[in-house]
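Asks: Between the sequences and the hints, there should be enough to build the whole structure, so can you do that?
Mapped onto my numbering, the consecutive letters of the sequence shown carry residue numbers 1 to 265.
If you are wondering where the hints come from, they were derived from the structure by calculation, not from laboratory data. Ideal Cβ placement from N, Cα and C applies to all residues, glycine included. Check before you lean on any hint, since a few could be wrong.
Once the Cα atoms are required to be at most 25 Å apart in a straight line, the calculated SDA-like pairs of lysine to any residue come out as [claimed, not checked]:
id : residue 1 : residue 2
1  : Lys65     : Ala95
2  : Lys65     : Arg94
3  : Lys65     : Arg220
4  : Lys65     : Glu178
5  : Lys65     : Leu55
If you anchor each label on the Cβ, the simulated ranges turn out as follows [said to hold, decoys possible]:
id : residue 1 : residue 2 : range
6  : Asp144    : Ala105    : 16 to 22 Å
7  : Ile227    : Glu132    : 32 to 38 Å
8  : Leu207    : Arg171    : 34 to 40 Å
9  : Asp148    : Leu238    : 45 to 51 Å
10 : Val159    : Ala97     : 29 to 35 Å
11 : Thr170    : Val134    : 36 to 42 Å
12 : Glu53     : Asp148    : 33 to 39 Å
13 : Arg251    : Arg136    : 27 to 33 Å
14 : Asp148    : Asp62     : 42 to 48 Å
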Amino acid sequence: MHQLISPLGPPRQDVSSLESLAAVYAYPEQVGQGRAWLRANMVASLDGSARLEGLSEGLSGDADKRIFGVLRALSDVVLVGAETVRAEGYRPARARAEFAAARKAAGQTPAPAVAIVSRSLALDLSAPLFTEPVVRTVVITTEDSPADARRAVAEVADVVVAGEGSVDVTRAVAALTERGWTRQLTEGGPRLLGELVAAGLLDELCLSLAPLLTGGQAPRIAQGTEIPGVQRMRLVSLLEQKGFLFTRYLRPADPVSPPVRDSAR
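Replies: Pasting the structure below:
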């Protein structure tokens, strides 16, 4: 059973149902007015590792996967780095019957699209992510990406060009917003999340803390890009189940607006 401990609500509340979890994680009302909201969903060990034996999967558990599914079901698009796609064996997001009515009422597609950030375009185009998506996959790349590879990707996915030399994440997020995908979710990995934070694009962090100490040299959840100054966040909700903590943080500048109820059922 999930227990909610929130500075914005009652001291403890049962949020074990999908409906109650979706209400906790509902996007703010700005998304219905065309303003994008980018949240990240990441998992880490107690000593800060973002991976165990090379994968985030090793840090996860049943409760974490349940929230993972809810966050996807609320979103319009899932933004992810190519390295994470390859390492974690990404599959397309699926349509879930429990969220079908709410998504239709909100004008959303049956499932979120997956948008992959890739400079090299070294992607397995025979994978289900390209052959079986509910919504056509998007690949965001650079002007100088390999021309032959870009043509091949364009046959099975929508290609968005954003930047030269490396993907400009500001332009990438803007391109997703232009498609009407304002409920945005990123699942990293650490390099992509670091770039999004450094660019000032992250509105919200949903961080799962696994009750594990792992040691080793695994990356943190945001890695590789220098962040100009310290970015402070404020805690708005905290869930607990079987020793796992599920935190939700917002930037101090972001008000906690009323959630969009049609996306929180």
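Asks: Are the hints correct? Go through all of them and say.
Replies: Hint check:
Restraint check for Lys65 and Ala95: the C-alpha separation of about 16 Å stays at or below 25 Å, so the hint holds. Simply put, Lys65 and Arg94 have alpha-carbon atoms about 14 Å apart, close enough for the 25 Å limit, and the pair holds. Our distance criterion of 25 Å between C-alpha atoms is met by Lys65 and Arg220, whose separation comes to about 20 Å. For the proposed pair Lys65 and Glu178, the alpha carbon gap of about 30 Å is over 25 Å, so the pair is violated.
A hinted pair counts as satisfied when its Cα atoms are at most 25 Å apart, and Lys65 with Leu55 qualifies at roughly 14 Å. Between Asp144 and Ala105 the Cβ separation comes to about 42 Å, which falls outside the hinted range of 16 to 22 Å. At roughly 37 Å, the beta-carbon separation of Ile227 and Glu132 lies within the given 32 to 38 Å, and the hint holds. Taking the beta carbon of each, Leu207 and Arg171 are about 26 Å apart, not inside 34 to 40 Å as hinted.
At roughly 49 Å, the beta-carbon separation of Asp148 and Leu238 lies within the given 45 to 51 Å, and the hint holds. Taking the beta carbon of each, Val159 and Ala97 are about 32 Å apart, inside 29 to 35 Å as hinted. In this structure, Thr170 and Val134 break the distance hint of 36 to 42 Å, their C-beta atoms being roughly 27 Å apart. Hint check: Glu53 to Asp148, Cβ distance near 35 Å, so the stated range 33 to 39 Å holds.
Against the hinted window of 27 to 33 Å, the Cβ-Cβ separation of Arg251 and Arg136 comes to about 32 Å, which satisfies the hint. Asp148 and Asp62 have their C-beta atoms about 43 Å apart, which keeps the hinted 42 to 48 Å range intact.
Violated hints, in rising order: 4, 6, 8 and 11; the structure is consistent with all others.
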